[in-house]
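J.: The residues making up each chain are set out below.
Protein chains: 2
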Amino acid sequence: MSFKAETSNVILSGAKDHKDHQTEEKNLIKKLIEKIEETKAPVCVGLDPNLSFVPEHIKKEAFEEFGESPEGAGEAIYRFNKGIVDAVYDLIPAVKPQIAMYEQFGIPGLKAFKDTVDYCHEKGLLVIGDIKRGDIGNTSMSYAKAHIGEIEIGSKLFRPFNEDFCTVNPYLGSDGVQPFIDVCGKGDAGIFVLVKTSNKSSGEFQDRTSDGRPLYEIVAGHVEKWGASSMEGDYSNVGAVVGATYPEMGRTLRRIMPHAYILVPGYGAQGGKAEDLKGFFNDDGLGAIVNSSRGIIAAYTKEPYNDRFDGLSYADAAREAVKDMLEDINGSL
Amino acid sequence: MSFKAETSNVILSGAKDHKDHQTEEKNLIKKLIEKIEETKAPVCVGLDPNLSFVPEHIKKEAFEEFGESPEGAGEAIYRFNKGIVDAVYDLIPAVKPQIAMYEQFGIPGLKAFKDTVDYCHEKGLLVIGDIKRGDIGNTSMSYAKAHIGEIEIGSKLFRPFNEDFCTVNPYLGSDGVQPFIDVCGKGDAGIFVLVKTSNKSSGEFQDRTSDGRPLYEIVAGHVEKWGASSMEGDYSNVGAVVGATYPEMGRTLRRIMPHAYILVPGYGAQGGKAEDLKGFFNDDGLGAIVNSSRGIIAAYTKEPYNDRFDGLSYADAAREAVKDMLEDINGSL
Chain A
603 MSFKAETSNV
613 ILSGAKDHKD
623 HQTEEKNLIK
633 KLIEKIEETK
643 APVCVGLDPN
653 LSFVPEHIKK
663 EAFEEFGESP
673 EGAGEAIYRF
683 NKGIVDAVYD
693 LIPAVKPQIA
703 MYEQFGIPGL
713 KAFKDTVDYC
723 HEKGLLVIGD
733 IKRGDIGNTS
743 MSYAKAHIGE
753 IEIGSKLFRP
763 FNEDFCTVNP
773 YLGSDGVQPF
783 IDVCGKGDAG
793 IFVLVKTSNK
803 SSGEFQDRTS
813 DGRPLYEIVA
823 GHVEKWGASS
833 MEGDYSNVGA
843 VVGATYPEMG
853 RTLRRIMPHA
863 YILVPGYGAQ
873 GGKAEDLKGF
883 FNDDGLGAIV
893 NSSRGIIAAY
903 TKEPYNDRFD
913 GLSYADAARE
923 AVKDMLEDIN
933 GSL
Chain B
603 MSFKAETSNV
613 ILSGAKDHKD
623 HQTEEKNLIK
633 KLIEKIEETK
643 APVCVGLDPN
653 LSFVPEHIKK
663 EAFEEFGESP
673 EGAGEAIYRF
683 NKGIVDAVYD
693 LIPAVKPQIA
703 MYEQFGIPGL
713 KAFKDTVDYC
723 HEKGLLVIGD
733 IKRGDIGNTS
743 MSYAKAHIGE
753 IEIGSKLFRP
763 FNEDFCTVNP
773 YLGSDGVQPF
783 IDVCGKGDAG
793 IFVLVKTSNK
803 SSGEFQDRTS
813 DGRPLYEIVA
823 GHVEKWGASS
833 MEGDYSNVGA
843 VVGATYPEMG
853 RTLRRIMPHA
863 YILVPGYGAQ
873 GGKAEDLKGF
883 FNDDGLGAIV
893 NSSRGIIAAY
903 TKEPYNDRFD
913 GLSYADAARE
923 AVKDMLEDIN
933 GSL
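One line per chain: the protein sequences are A and B, in this order.
Be aware that the first sequence starts at 603, since it is given in my numbering, and climbs by one per residue.
Be aware that the second sequence starts at 603, since it is given in my numbering, and climbs by one per residue.
Source of the hints: derived by calculation from the structure; they are not laboratory data.
Misleading hints may appear alongside valid ones.
Identical chains share a label here; the pair holds if one copy fits it or two copies do between them.
Once the Cα atoms are required to be at most 25 Å apart in a straight line, the calculated DMTMM-like pairs of lysine to aspartate or glutamate come out as [as the list claims (entries may be wrong)]:
{"hint": "1", "residue 1": "K904", "residue 2": "E636"}
{"hint": "2", "residue 1": "K925", "residue 2": "E724"}
{"hint": "3", "residue 1": "K716", "residue 2": "E877"}
{"hint": "4", "residue 1": "K716", "residue 2": "E639"}
{"hint": "5", "residue 1": "K716", "residue 2": "E754"}
{"hint": "6", "residue 1": "K827", "residue 2": "D809"}
{"hint": "7", "residue 1": "K802", "residue 2": "E819"}
{"hint": "8", "residue 1": "K716", "residue 2": "D909"}
{"hint": "9", "residue 1": "K802", "residue 2": "E666"}
{"hint": "10", "residue 1": "K642", "residue 2": "D717"}
{"hint": "11", "residue 1": "K802", "residue 2": "D912"}
{"hint": "12", "residue 1": "K880", "residue 2": "E724"}
{"hint": "13", "residue 1": "K802", "residue 2": "D777"}
{"hint": "14", "residue 1": "K904", "residue 2": "E922"}
{"hint": "15", "residue 1": "K827", "residue 2": "E666"}
{"hint": "16", "residue 1": "K875", "residue 2": "E658"}
{"hint": "17", "residue 1": "K716", "residue 2": "E670"}
{"hint": "18", "residue 1": "K904", "residue 2": "E826"}
{"hint": "19", "residue 1": "K758", "residue 2": "E724"}
{"hint": "20", "residue 1": "K725", "residue 2": "D777"}
{"hint": "21", "residue 1": "K788", "residue 2": "E670"}
{"hint": "22", "residue 1": "K875", "residue 2": "D777"}
{"hint": "23", "residue 1": "K827", "residue 2": "D912"}
Since this is a predicted model, take the numbers as computed values, not measurements.
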């Protein structure tokens, strides 16, 4: 089940091993599709463990052991994640940890991020690092290597954070995105480029119209073009992020990027509904993966789950919430 | 000289201390201007230590002690940075570490980033974290707290990365930027929002014209508006990034954002020239801070310095290069 656990943290010494690794592991979008078909679940769970979602007993234990400190917070969110992952890993193809929720606790938080990625790989899950990085060329290459590629140190190769996919911000244009695409082409990786984000003010810049077309459509045109170099079957390793909160735009963007997998945030807590999701999928029933974060990992605090579940059974509540989400989404498609 | 070293990594226990800290430390842009006037140097040095810039003797020592590993790489870049900082700290007001160059080495790399921030504070330098983060509201707040603010864990407060300023990507719109501005308003922090970046393909999306104005001008209009809530004297804690490689646009943007400090990358290695910089400044001689990274920290590998300097004297070469940069820029203004 584990795709990458064996290379996590591991030194790939020498060019030959490196090459074998590349050949063997190529084309991640195919793996994602296989796992979606296997689980019948075009969804991923957002591992965004705000400390306020973490049940008291987990925080208490972690703080007793490591203090009310970044170390204690990192340990608490890692333990919380483990509980969620153990409860849902057989139902879903992938998780999407939001790195900001870890970065906020500094180095120990980022250690919890890395440990979470590794644990998800152990359980056979694909990991979409929601990192929204993007910079000028050589700097973007450093981010790409850090998150979905390999970095050379002396004569050795390492995979620092070892996600399978990551999200990319396109504001800097092609030369800021290309290094991520190059890394997709070299190894076992994919990206989702921000096209139309789920938040309220996403339209402020993304909807600006020039030559009769809004910016998000222009970015989408680039995504389809960028993806051409990294195709496997009908889909590319270069995908897009389009918020569930904008279903009409989703339909249009689906047509502009027929070969891009669409990562769809905004379902549930942010207001996106299952009936709105249909337009994000292609006629083959593929083409989109819907994320829910708070709706799953904080289910025990929310209706209808808070009647039956509490902090001690937060993971069971998450499992119930995933099942309900699948019924909701698959029922609407 | 040290503005923040005393709060770095430190637990600020309880609300009262926190409040006092706020009152005492407010308005970072004023401090930046004071330091620029004191040093007569409207420049910052980009601490972007690509491993290929680090002299062999430093790498050798670090690898012998920590192995050819992320730990070894982190140690090597930290030692390299210390040498640069020791050689130039009295000449300049600020440094700008590019976090991608650290993140590429995973956790040990980010530890080197944090140690670099702390060391720069010890030497009295202001630190501009070039992180280009940006996300939806609550997620942006996590980034803002991590880098330029404080995070609450149980009853305690921490400053995880403790930069003074950071760069912010505006693609998600106002609700993605506002949390950073809120943190600026609460404490001792400032931001620079990406407006027109220095890279070749920055125009692909940033130059798209709608209602007769390119996107970068529209973003600039927002920067001026966002900054109104965080003014001290003539300038705001909300600044902008505009590449030296686009001097004409710089002149226009200077007019659109009269109260924004402009962080100007792209001088030197990327092709920006001193004579092109004038338009980025206001008539008061203030309003811009020009960054050079490779041109300073890798000076020993480049003309005209590589005749007189080598890996062992890389820091002296950096000092020479800073002096030459100051002469070049101040001569043109």
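J.: All the hints need checking, so say for each whether the structure fits it.
T.: Taking the hints in turn, this is what the structure says about them:
1. Taking identical chains as interchangeable, the C-alpha atoms of K904 and E636 are never at most 25 Å apart, the minima being 32 Å within one chain and 51 Å between chains.
2. Taking the closest pair of Cα atoms, K925 and E724 come within 25 Å of each other only inside a single copy of the chain (22 Å); across copies the shortest separation is 53 Å, beyond that limit.
3. When the C-alpha separation of K716 and E877 is checked against a cutoff of 25 Å, the pair qualifies neither within a copy, at 35 Å, nor between copies, at 46 Å.
4. Taking CA atoms no more than 25 Å apart as the test, K716 paired with E639 passes in neither setting, with 27 Å inside one copy and 43 Å between copies.
5. With identical chains, the CA atoms of K716 and E754 are at most 25 Å apart both within one copy (19 Å) and between copies (22 Å).
6. Both within a single protomer and between protomers do K827 and D809 lie at most 25 Å apart by alpha-carbon distance, with minima of 20 Å and 20 Å respectively.
7. In this assembly of identical chains, the alpha carbons of K802 and E819 lie at most 25 Å apart whether taken from the same copy (18 Å) or from different copies (21 Å).
8. In this assembly of identical chains, the alpha carbons of K716 and D909 never lie at most 25 Å apart, being 34 Å within a copy and 44 Å across copies at closest.
9. When the C-alpha separation of K802 and E666 is checked against a cutoff of 25 Å, the pair qualifies neither within a copy, at 40 Å, nor between copies, at 52 Å.
10. For the homomeric pair K642 and D717, neither the shortest alpha-carbon distance inside one copy (27 Å) nor that between copies (46 Å) is at most 25 Å.
11. Taking identical chains as interchangeable, the C-alpha atoms of K802 and D912 are never at most 25 Å apart, the minima being 31 Å within one chain and 54 Å between chains.
12. Within a single copy, K880 and E724 get their C-alpha atoms no closer than 32 Å, and across copies no closer than 56 Å, so neither meets the 25 Å cut-off.
13. In the homo-oligomer, the alpha carbons of K802 and D777 lie at most 25 Å apart only across protomers (7 Å), although the nearest pairing inside one protomer, at 28 Å, exceeds that limit.
14. Taking the shortest Cα distances, K904 and E922 sit within 25 Å of each other inside one copy (12 Å), while across copies they are farther apart (62 Å).
15. Proximity of K827 and E666 under a CA criterion of 25 Å is satisfied in neither setting, with 52 Å inside one chain copy and 46 Å between copies.
16. Neither within a single protomer nor between protomers do K875 and E658 lie at most 25 Å apart by alpha-carbon distance, with minima of 31 Å and 57 Å respectively.
17. With identical chains, the CA atoms of K716 and E670 are at most 25 Å apart both within one copy (21 Å) and between copies (20 Å).
18. In this assembly of identical chains, the alpha carbons of K904 and E826 never lie at most 25 Å apart, being 39 Å within a copy and 40 Å across copies at closest.
19. With identical chains, the CA atoms of K758 and E724 are at most 25 Å apart within one copy only, with a shortest distance of 24 Å there and 34 Å across copies.
20. For the identical chains of this complex, K725 and D777 are neighbours neither inside a copy (35 Å) nor across copies (36 Å), given an alpha-carbon limit of 25 Å.
21. Proximity of K788 and E670 under a CA criterion of 25 Å is satisfied inter-copy only: 23 Å between copies versus 42 Å inside one chain copy.
22. For a Cα distance limit of 25 Å, the shortest separation of K875 from D777 across copies, 22 Å, qualifies, whereas the shortest one inside one copy, 36 Å, does not.
23. Taking CA atoms no more than 25 Å apart as the test, K827 paired with D912 passes in neither setting, with 48 Å inside one copy and 45 Å between copies.
The structure does not agree with the numbered hints 1, 3, 4, 8, 9, 10, 11, 12, 15, 16, 18, 20, 23 stated previously, though it agrees with the rest.
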